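Q: Based on these hints, arrange chains R and Z on the given structure of chain X.
Residue numbers (our numbering), protein chains in the order written: chain X, 1 to 277; chain R, 1 to 268; chain Z, 1 to 277.
Worth flagging that the hints you see were computed from the coordinates, not collected in a lab. All clues stand as given, with none of them false.
Derived DSS-like pairs (lysine-lysine); straight-line CA-CA distance at most 27 Å:
1. Lys-102(R) to Lys-58(Z)
2. Lys-74(X) to Lys-38(R)
3. Lys-39(X) to Lys-244(X)
4. Lys-102(R) to Lys-274(X)
5. Lys-81(Z) to Lys-185(R)
6. Lys-16(R) to Lys-274(X)
7. Lys-185(R) to Lys-85(Z)
8. Lys-274(X) to Lys-5(R)
9. Lys-102(R) to Lys-81(Z)
10. Lys-102(R) to Lys-16(Z)
11. Lys-16(R) to Lys-5(R)
12. Lys-39(X) to Lys-50(X)
13. Lys-39(X) to Lys-70(R)
14. Lys-185(R) to Lys-58(Z)
For clarity, every value in this text was computed on a predicted model and none was experimentally measured.
Residue-level listing of the chains:
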Amino acid sequence: MQTVTSRNPIRDPAWMGRLFWLLAGTVLLWPVLVLTEFKVWTLFEASNLKPTLKFLGDFFPPKIEGEFLLLVAKETWRTVAIATAGIALALVLAVPLALLSVRVLSVSALTGKMNKLPAVLRTLLRWVMVLLRSVPELIWALIFVRVVGLGPTAGVIAIALTYGGMLGKVYAEILESGDAQVTQSLLRNGAGRLQAFFYGLLPQNAAELTSYSVYRWECAIRSSAVLGFVGAGGLGQQMDASMKMFNGSEVATMLIVFMLLVWLADATSAWLRKELG
Amino acid sequence: MSPRKMPPPLFDARCKACWFVFGLVCLTVASFWTLDLKWAQFFSLDAAGRMGKFVGEMLVPETSSKFLAKLGWAALETLAMSALGTGLAVIFGLALAVPASKTHHDDPAQWRGMTRAVLNMLRSIPELVWAALLLISAGLGPLAGTLALALHTSGVLGRLFAESIENAGAGPAFALRCRGISEAKIFWYATLPQILPQLASYTLYRWENNIRAAAVLGVVGAGGLGQMLAFHMGLFQMGETGSILLAMLVLVALVDALSYASRRWMSV
Amino acid sequence: MQVLLADASARHPAAKGNVPDALRHVSLKVQSGEQVAIIGPSGAGKTTLLQLTACALKPTTGSLQLGDVDPWGLPIRALQKLRAKLFLAPQVPPLPPRQRVVTAVLAGLLPQMGIWASLRSLFYPTHIETADAALARFDLADKLFERVDRLSGGERQRVGLARILASNAQLLLVDEPLSALDPARSEQAIKALTDTAAERGATLVATLHHVDMALRSFPRIIGMRDGQLVFDLPAAQVSPKHLHDLYAQHLHELDGPSVAADHVPDAPSLPAVMHCR
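So here's chain X without its partners, still in its complex pose (with noise of 0.2 Å):
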């Protein structure tokens, strides 16, 4: 049995090489702190300080006044509202891109190898739907409310550009995933495209593209209060006026209510989940 006599002292090899992590992370910091003027002691400033401790005050007790909660009840709905309108329209958008780009309703990919037409066509859909994606919602907002003008317009629009893409890629993915032998026996059979959707594919997805779709409901509700914040009407929009003028009571009434319809939705979505199960 060998002993360990004195020798050199080991050294351990991983030490070269957190000791340069360590330091390039600290070299990295602090061009991140000065880019983002990360000088979080300004919040205690004495002229920041005391209007934040004011508003934070103000949130106790937050507003009840029947009146106000009318109002806030009545964006609530409009809020709900455009999120179900844009997800209305984003069906109407993405399940078509989805039909249209999935390979699994090809005829020509039937016998072997699909043509060049269909093939182009099924991929510069999927760019579209790409393209829909990358913007955030917020931007088309912001442009569509330099079109039609600040309200509703522009957030059922914005939602329902977005949304469609998104919807319509993961459409498209779950269609692709199943078992597609019912869907090509209808098809080669001579049954239409439309026809094979309606007796093969829906049938067999209809369970998991439900579930999706109203997850991203609940998505959509988030969404619709953000755009609020650039004229889209509903919570948000009441939310971005209180705040500019400082009314705590009000806001703390408002963020309360989200909440609240966040997990009310998250609920709601969570159970229709296990139900379509």
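A: What follows is chains R and Z alone, placed relative to chain X:
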């Protein structure tokens, strides 16, 4: 021949979920009804003309060197906001995840309920709303944006980290606990080494999200590309707007690529 | 440290109501510095006995005394100090997969290190020589800076045992230390354990499936079956008939390990993340 299964009926009166979907359809109809949607205005020639003009101008992005320099700085500012915001969120998220998780069978975990409530609150409020709130304290500029991202992402990461901690293998922690070692040391020596890959994966995933969020946060005044965008769009300077949008797309693609490369490097 | 069990019973915390206790009315006395091997078929309660002795389980009847002290009557701080003096080595080596061997072995020193010292040691391991010496006795010194998940099952098991050597515990409770080791390595491992215990004057209690190894290396053998002690004899007095009766209906276990320690617990899979982006 094996009996072929008929597709399930689309609507079944006994099915709860079917009623719910029917309810959603009613909700949709009600939404369209009550909203004051200006379809006529949207589909009018006037609107189409304006859209056409915007898009036309956007397709000719502004490329003067002075503007590009400002754009570059704004892009760096946005990148820094997303990185610092995510980094801070990792620290706060982990700090909140520890009390929010039940680490072993006999763990009293008395702070779990309250900490989870705090994390839920941080999560539910979108980044933009946080930014708008923080503008009151921090004023215009990227500080509000960074803190907004940090707060929201702490809620998201805190919840994910807490779930990782609870799902970590119990063996190493049990062996150390038998020796009377304190929970703090057990966390660093037994729990964290096991969950580190998951934590890194979640962090990278949120960074990908946060770069998109950071780009638009500026619209309310929180600095970066968003603030530039709101400014130029407000003046209807569509050429500049086009450049800024391009810069946003490039930035998002860059962060996605960095994140992908990091994941590859980590899984080696 | 002396161990005294008087009419002790224990059950697993997760056991259902109608399952009999894993350990039933066991009385046992182990003097300080003794070396004892526990043998018996699987399900005999050997692991439960070790866990009870390590104060990981509370006795449902009877009492436990460690070094003339009832650990369950002590205040928490004193109990933790007492626990620092014992060491329970589970059957599956409790090593985080991505940790390095040096850190895993040095975890044996954690009871003596303060929180800051232990954090510093994560960044650059203190006491590397201790880990090196411990691993050398198992011929694993060259794996000092390797990751645990890059080792074979047998090597991992030996690393788990090396942690015992690195610690300074006075009561060593070792569960199936040889399940993944070949005969040569088993000899080496048992010798390392028994030599270490003898050097420190520590009490060693090991459960083993390798009956001949137990008879050769340990002066005192305890046989267990169905949660009860069957015999408690010096090794020389254990006859083939004792063994046959002990292992009746489990005769295939007389020679070999029942569970390989080759199993590395899988890294827990990422829970499905559904977020709005």
